[in-house]
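> Use the sequences and the hints to build the structure in full.
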Amino acid sequence: MFGCRDATLLMTDEREGALSGWVRAKYRAHVFVCVYCRRYRRQLEQTLALSKEVPPDEVPARVEESAVAAFRSRSGT
Amino acid sequence: VTVDPGQGDADLVRRLRAGDEAAFRDLVRRMHRPLMKLGTMWVGSPAVAEEVVQETWLAVVAQIDRFEERSSLRTWIGSILVNRAKTRGARDKRSVPFSSLSTEDAEVVEPERFGKGGFWRQPPAKWDDAPDALTLRKEAREAIEKELEAFPPAQRTVVVLRDLEEWSSVEVCNVLEISETNQRVLLHRGRMRLRAALERYHRGGKV
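Read top to bottom, the protein sequences are chains A and B. Mind the numbering: the first sequence is residues 10 to 86 in this note's numbering, read in order. Mind the numbering: the second sequence is residues 1245 to 1451 in this note's numbering, read in order.
It should be emphasised that the hints constitute simulated quantities derived from the structure, not laboratory data. Glycine is no exception: its CB is placed at the ideal position from the N, C-alpha and C atoms. Where hints are given, some of them may not hold.
As the list claims (entries may be wrong) - Cβ pair distances, simulated, as ranges:
| # | chain 1 | residue 1 | chain 2 | residue 2 | range |
| --- | --- | --- | --- | --- | --- |
| 1 | B | Pro1290 | A | Ala38 | 40 to 48 Å |
| 2 | A | Arg81 | B | Phe1342 | 34 to 42 Å |
| 3 | A | Phe41 | B | Asp1255 | 43 to 51 Å |
| 4 | B | Ala1334 | A | Val77 | 24 to 32 Å |
| 5 | B | Leu1380 | A | Ala70 | 26 to 34 Å |
| 6 | B | Ala1369 | A | Glu23 | 18 to 26 Å |
Shown next, in the form of structure tokens:
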């Protein structure tokens, strides 16, 4: 029996092209008919889209300046 | 180890070797989050991770002429950091982040939501299709950041590198020295957890 529980677990595998053969066929057939699994998949995509927008951490000045100082002294020699 | 030459790396490496300070500064800024997440996995404290990041940049500067471009530049820098962080973590007697990593398939994040036969008992709630408003998107992003803080370190690193930093799976596997399967398990569990956090946010509950 291939249920919603199984389908939700395979969504990243499917997205990464890691499913094949019979499992992929069962997965696709299930998601095709299951409105809740399609919703779950859509929400994972929305989650991913939002994740990409999380702003990066700022580099503390001491880290940046010590790195740049080393870079300068290398270039200077 | 699979080869993963990074796009546009050759040009950047040439500029770094030629002493282009702006290019280097930009690299230091772009790499900060990935390096801090990677370092924290082995050394625990962000303060120590920051020291390891600083040492890593000194090593990168010293070794850039020897970079052979068999991997992407960021994988190469990440690996330098990981080696240093592992040494530091071992010296401080910290546990290895993957020692508890299950090689089993992903576990369901919210098992109680499935009933007999593995069908939905509590299906995913419908989200408002309009988190377009800037403040809402900002709040949702904050919900993601907050949930990430609660992740186990290995899971957090994989999700940050793949989904926030948009590294390829090959890059992540190479820098962490884990299999594609393990990487996908960590990534999927992490994404399920973040989705659940956003669902709580959409319900208007506390995140």
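> Taking the hints in turn, state whether each one holds.
Structure-based check of each hint:
Checked against the hint of 40 to 48 Å, the C-beta distance between Pro1290/B and Ala38/A comes to roughly 47 Å, which is consistent with it. Checked against the hint of 34 to 42 Å, the C-beta distance between Arg81/A and Phe1342/B comes to roughly 38 Å, which is consistent with it. For Phe41/A paired with Asp1255/B, a C-beta distance near 44 Å keeps the hint of 43 to 51 Å intact. Checked against the hint of 24 to 32 Å, the pair Ala1334/B and Val77/A passes, with Cβ atoms roughly 30 Å apart.
About 33 Å separates the C-beta atoms of Leu1380/B and Ala70/A, a value consistent with the hinted range of 26 to 34 Å. The beta-carbon spacing between Ala1369/B and Glu23/A, approximately 23 Å, falls within the hinted interval of 18 to 26 Å.
Checked against the numbered hints listed earlier, the structure breaks none of them; every hint is satisfied.
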